[in-house]
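Below are the chains, spelled out letter by letter.
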Amino acid sequence: MNPALAGVALAVVVGAVVAGSARNARSAILGLVASLLFSPFLADPTAQSLGLAARLVGSVLAGYLLWIAARGTGVRTGGSRLGWPAEVLVAAAAAVVGYSSHGLGAPPLGPALAQAAGFALAALSMTAIANGRDIVRVGTGLMLLASGALLVRTALGGTPEPLEQVVIAGMMAALGGAVAVLAVSARAEGVEFELAPDRPSRVRRSPDAHPIDAR
Amino acid sequence: MSLAAYLAVTLGFAMLALATRSRGPLSTAIGLAGLVAATIAATTMNPADLVTIGGAGLATSAYVRLFLVLGSLVGLGLAVTGLATGTRRDAPMVTLATLGIAGLTLTLTDPRAAVVAATAGGLFGVWLTLAPGEDRSGATLGIRELRAVVVAGTMAIAATAWIGRDLTQLAAQPVVFGLAYLAFALAIAVRFGAIPFHLWAARLTDAAPETALPIITVLAPASLAIVGLAWTDASIAPLLVDLEAERMVVLAIAVASIVLASLAALVQDDLEHVVGYSIVGDAGVVLLAMAVLEPTGWEPARIWILVFIVTRSAFAAWAGGIRAVFHTGRIDDLRGWVTRSPILAVAFVLVVAAGVGLPGLVAFEARSSLVSLALDGPIATLVLLGTFAPLAYYARLLAIGLGRPTRPTEPATGWRPHLERLDLTSPVAWLRTTWDLNRAFSAAVIAAMLGVLALATSVGAFGGPDAAAGIPAILEGPSPSYAPPPLESGPPSFEPIPTR
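For the record, the sequence lines run as chains A and B. Under my numbering, the residues of the first sequence are numbered -16 to 198, in order. Under my numbering, the residues of the second sequence are numbered 5 to 504, in order.
Derived from the structure by calculation, the hints contain no laboratory data. Keep in mind the model is a prediction, meaning the values are calculated, not measured. No false leads were slipped in.
Below, a sample of chain B positions facing chain A; criterion: calculated Cβ distance under 10 angstroms:
1) A117
2) R151
3) M159
Derived coverage of chain A by chain B (criterion: at least 3 residues anywhere in the stretch with Cβ under 8 angstroms from a Cβ of chain B; other residues may be distant):
4) 89 to 103
5) 115 to 125
6) 136 to 147
7) 171 to 179
Where a beta carbon is used, it is the ideal one built from N, C-alpha and C, also for glycine.
From just these sequences and the hints, can you work out the full model?
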């Protein structure tokens, strides 16, 4: 096992645990950004500089947009109801599964640690996506899931080409931007990032541009 | 490279529109100008461009060009209709971004990168769920849409990564290929909001204007579906592996979507949901194509996707036109719409003819081919009959339209053009007044124009069948590329792996 890669994998997973369990929104975002920033380094051979730079820029941009959405002091998000130790155990179990099933039935082209970290991120994202009750928590889960899938892709298919890295960077930045836009909108009602309760019946919203006046 | 020009135009104008978002009219004008420029850029695209960057590449084709030309045209039509009928101010920007990413998705020669791009293309739709005064509920709908897009993208990424390598030493072929195929097919189903994954799409219809729906649930997922078809043809179909169980799951979703979505559209009481479910129903035919797993399904599937995009967009524009004339989308309040807006009646006939089709039309033949290739025996006949189920909700709308008007609130002349005397001292005010007076007329005319476009696509104009029959460019290099086998030469891409 390459110790440097192991360190990177550990950083990716620790960042994801913080993102999934922190109740302070900005702490969660910091954890997410750390996880996203280390992810592209979890490859063997290391990605080419163009692709690597694109991934770093994409991750920073995504994190920055989320950071803006969570401006203010003590902004809260859902966090983990089980607490970070439970999240660590979930991540560790998933990482063991990922590491031991490296290749998923065929010779892999990437490192086993990438698959381990990818499985850990995917496992950590599940509760946030399925049970998250606020925009930032669900959004964080979605970003972890996407990042986990991309790590598994690296583990199976090898280091992505620079063009693919650029596309991945764009996708992650767009995902961060989309979550940030939704988070800002949710906060506009003064209830932080909470999801709206389901309505019993349909409500037709009026358009916001060029409304038609009833004649 | 002509593709670079298209990407620069679409994404550049989208970013400009985003940057000027706080200045509503300016942002809208930039968005519309961008859509006009995108249409021109798509029309002038060279269909044989191939650029390699490292081991990956970008390649255009006649089909990509046609997809982008039609997509840009319907995007422009829907944006203008939206202005006339009421829409989200971000609609032109989202349309441009979606078109740009669709162009990137369809030209990437590595399917592993293409599915990432297709996922990115679906992310912009969240802007259309947001409306002032409805922030939290709009954001809630948006995050649910985002969840569907990302979960679908993750499945597609996993599927392409699993198959996109040397699998000659694979230990468990049927399981791997079956799961990968199923994951990609389900990803497409989720993106289209196919039944039973339709909940997010149904809720989206509550929030997004009808003229914006095709951008989110037709145009963006269509690019993923085209990637999926190419990937399946290149990676799954040539293999002699028993995938019958997985096929059955995909077929069940496809047939459920075709039949149940039409029934759902029939019982809705507002046009937005009729449009939404009509999209789901036609998307079922696309899923049927995913279950064909034969090279012969390649051409009809790609023809149907083009028809699907244009026809559903024209139907959405028609619904927008109805709203502009009647100020409502409630079907019960639309009695007499045929006599009150003859232009919309013409648009409706065109949409029905293009969508349902007649024997001899390319769209009709494509849909029939897909049904017969995917299914056998009496079930195929039943499903083919099921593809005519949209006639039920069309007939209901027509019956309402031919009924006696119950609402005397609208003048019967509202659909006609109105021209004010030109005021040279205040041309801007004159333009604004003229536009306001002609909103209903403009929306109806655009719906009719999109109806003509839909019928032309359904007939096979613009070289659709030839473009759809073409195969994606093959990129030489280490990255896997789409290489569906030519029909006459059999499947050369993969060595058949015997079933254990």
